[in-house]
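Novice: Take the sequences, apply the hints, and build the full model.
Spelled out, the chains give:
2 protein chains.
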Amino acid sequence: MIKKIQVCISPKLFNLYDDNNSIIVLVDIFRASSTICSAFENGVKEIIPVGSVQEAIKLKSKNKEFVLCGERDGKKVKNFDYGNSPIIFSKKIFVNKTVILTTTNGTKSIDIARKCKNIVIGSFLNITSLSNWLINQDKNIIILCAGWKGKFSLEDTLFAGNLSNILIKAEKHNYSLCDATINSIYLWNFAKKDKSIFLKENASHYDRLKKNHNDDINFCLKDDISTKIPIVSNKSIKLLRNV
Amino acid sequence: MIKKIQVCISPKLFNLYDDNNSIIVLVDIFRASSTICSAFENGVKEIIPVGSVQEAIKLKSKNKEFVLCGERDGKKVKNFDYGNSPIIFSKKIFVNKTVILTTTNGTKSIDIARKCKNIVIGSFLNITSLSNWLINQDKNIIILCAGWKGKFSLEDTLFAGNLSNILIKAEKHNYSLCDATINSIYLWNFAKKDKSIFLKENASHYDRLKKNHNDDINFCLKDDISTKIPIVSNKSIKLLRNV
Chain A
1 MIKKIQVCIS
11 PKLFNLYDDN
21 NSIIVLVDIF
31 RASSTICSAF
41 ENGVKEIIPV
51 GSVQEAIKLK
61 SKNKEFVLCG
71 ERDGKKVKNF
81 DYGNSPIIFS
91 KKIFVNKTVI
101 LTTTNGTKSI
111 DIARKCKNIV
121 IGSFLNITSL
131 SNWLINQDKN
141 IIILCAGWKG
151 KFSLEDTLFA
161 GNLSNILIKA
171 EKHNYSLCDA
181 TINSIYLWNF
191 AKKDKSIFLK
201 ENASHYDRLK
211 KNHNDDINFC
221 LKDDISTKIP
231 IVSNKSIKLL
241 RNV
Chain B
1 MIKKIQVCIS
11 PKLFNLYDDN
21 NSIIVLVDIF
31 RASSTICSAF
41 ENGVKEIIPV
51 GSVQEAIKLK
61 SKNKEFVLCG
71 ERDGKKVKNF
81 DYGNSPIIFS
91 KKIFVNKTVI
101 LTTTNGTKSI
111 DIARKCKNIV
121 IGSFLNITSL
131 SNWLINQDKN
141 IIILCAGWKG
151 KFSLEDTLFA
161 GNLSNILIKA
171 EKHNYSLCDA
181 TINSIYLWNF
191 AKKDKSIFLK
201 ENASHYDRLK
211 KNHNDDINFC
221 LKDDISTKIP
231 IVSNKSIKLL
241 RNV
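Sequence order for the protein chains is A and B. Take 1 as the starting number for the first sequence in our numbering and just add one per residue. Take 1 as the starting number for the second sequence in our numbering and just add one per residue.
For the record, the hints were derived by calculation from the structure and aren't laboratory data. Among the hints, a few may not be true.
No copy is singled out in the list; a pair is fine if it fits within one copy or between any two copies.
Derived EDC-like pairs: lysine to aspartate or glutamate, alpha-carbon spacing no greater than 20 angstroms straight-line [unchecked claim]:
#1 Lys3 x Asp207
#2 Lys64 x Asp81
#3 Lys45 x Asp73
#4 Lys235 x Glu55
All values derive from a computational prediction rather than experimental measurement.
Specialist: The following block contains the structure:
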């Protein structure tokens with residue numbers, strides 16, 4: 001069987017790729033998908049992603065025990081418990097908790113993809129574990145990049161290239177690649193020597209975050225600090241093995 | 001003044017970039033923008049781009065002297081005079097004629113961008129002339145790639161990278177680049193040694209066209225066979241100097 005690996009560079013193009021038989025890998029390196037991976041690595045039980053701030057506040061008001069996290073334009077939303085930093089989840093208060101999360105780009109793309117059956121969360125933090133799992137699935141793969149407000153982002157494309165490269169090199173399947181996937185692999189091959197330096201020199205979102213979130217950026221670019229694969233299930237994100 | 005160079009990789013994202021003060025460079029390397037450049041180089045007076053086959057037929061029925069050209073999915077539309085090959089315009093019958101043109105991707109993106117003031121047509125065929133003109137304009141630049149049915153295309157991205165690279169190296173302005181522009185420049189720097197081989201090995205649209213349109217592909221990848229710059233003006237495309 002020839003498996004397709006497609007990269008969708010913006011949630012706004014996802015209707016062109018929409019396919020109930022593919023596995024969707026949701027990516028928002030800076031920072032939602034990295035934050036979600038970090039949260040599960042640190043013992044969070046469940047994350048409820050919501051598209052809007054209003055929806056998040058409403059959900060919290062009905063469930064006082066939930067932890068309310070989120071950002072808009074990189075900044076913690078006023079009156080929220082926490083922002084969207086992947087580092088905060090090392091706090092023990094998160095263990096076994098349900099988190100409500102809303103972000104500028106990442107949780108919106110979860111909303112857009114939600115009608116699909118198979119949606120997992122990818123980041124550099126869980127890339128090896130995720131790719132090992134994907135290699136053993138007999139499905140096509142769509143890597144959905146959150147981008148920045150609908151536009152192309154270098155960090156999400158780099159991840160797409162890294163993941164595609166790992167899948168192809170495993171040689172378990174024959175793959176058919178779309179133009180966006182091929183582009184991402186070329187970019188990854190160029191940047192892989194030091195992805196931090198590449199993004200520091202080039203990525204606009206790095207520029208937006210570096211002033212207040214330099215520690216977050218460095219954390220999001222770590223490889224394989226987690227073996228866990230978050231999966232979107234009905235209205236929330238859980239761990240793959242628990243679904 | 002710092003000038004922005006942005007690359008919009010799909011007409012479906014153009015509303016995110018929409019800006020009446022920028023110059024829009026429309027690109028559909030395989031084949032609409034190359035065909036339009038070739039047509040003007042060979043003496044066509046005016047091209048009326050239309051989004052749908054129906055609209056094209058209606059316009060022809062009212063103007064029997066117009067030449068009706070167009071394709072869908074790479075094939076000449078039934079009952080049209082010609083398809084979308086840039087080579088056909090070497091025929092002398094086109095001199096001083098008005099052409100109606102509809103294509104799968106290219107003319108649709110003209111339709112989408114039409115509300116903007118400044119839209120020019122770019123291809124490898126006129127890249128030096130176009131870049132010399134752009135360097136002397138004090139406006140931001142948006143390179144709008146037609147892509148393939150809304151998706152990312154390697155050939156349009158390569159052109160965007162080539163054009164951006166020329167503009168930056170001219171050093172007449174300081175430029176601010178978005179992530180998609182930076183991506184296109186990295187891709188171009190990788191592929192520039194031989195763009196034909198790069199696209200032959202990688203581009204899905206090359207695969208679609210190579211069986212019946214190999215001569216067109218080779219023609220579309222030629223540099224600087226024209227010094228002319230087509231510009232969208234009201235309902236039609238004319239030559240820049242005539243507008």
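Novice: Are the hints correct? Go through all of them and say.
Specialist: Verification of the supplied hints:
| no. | hint | verdict |
| --- | --- | --- |
| 1 | Lys3 x Asp207 | between (36 angstroms within a copy, 18 angstroms between copies) |
| 2 | Lys64 x Asp81 | within (11 angstroms within a copy, 69 angstroms between copies) |
| 3 | Lys45 x Asp73 | neither (27 angstroms within a copy, 49 angstroms between copies) |
| 4 | Lys235 x Glu55 | within (13 angstroms within a copy, 45 angstroms between copies) |
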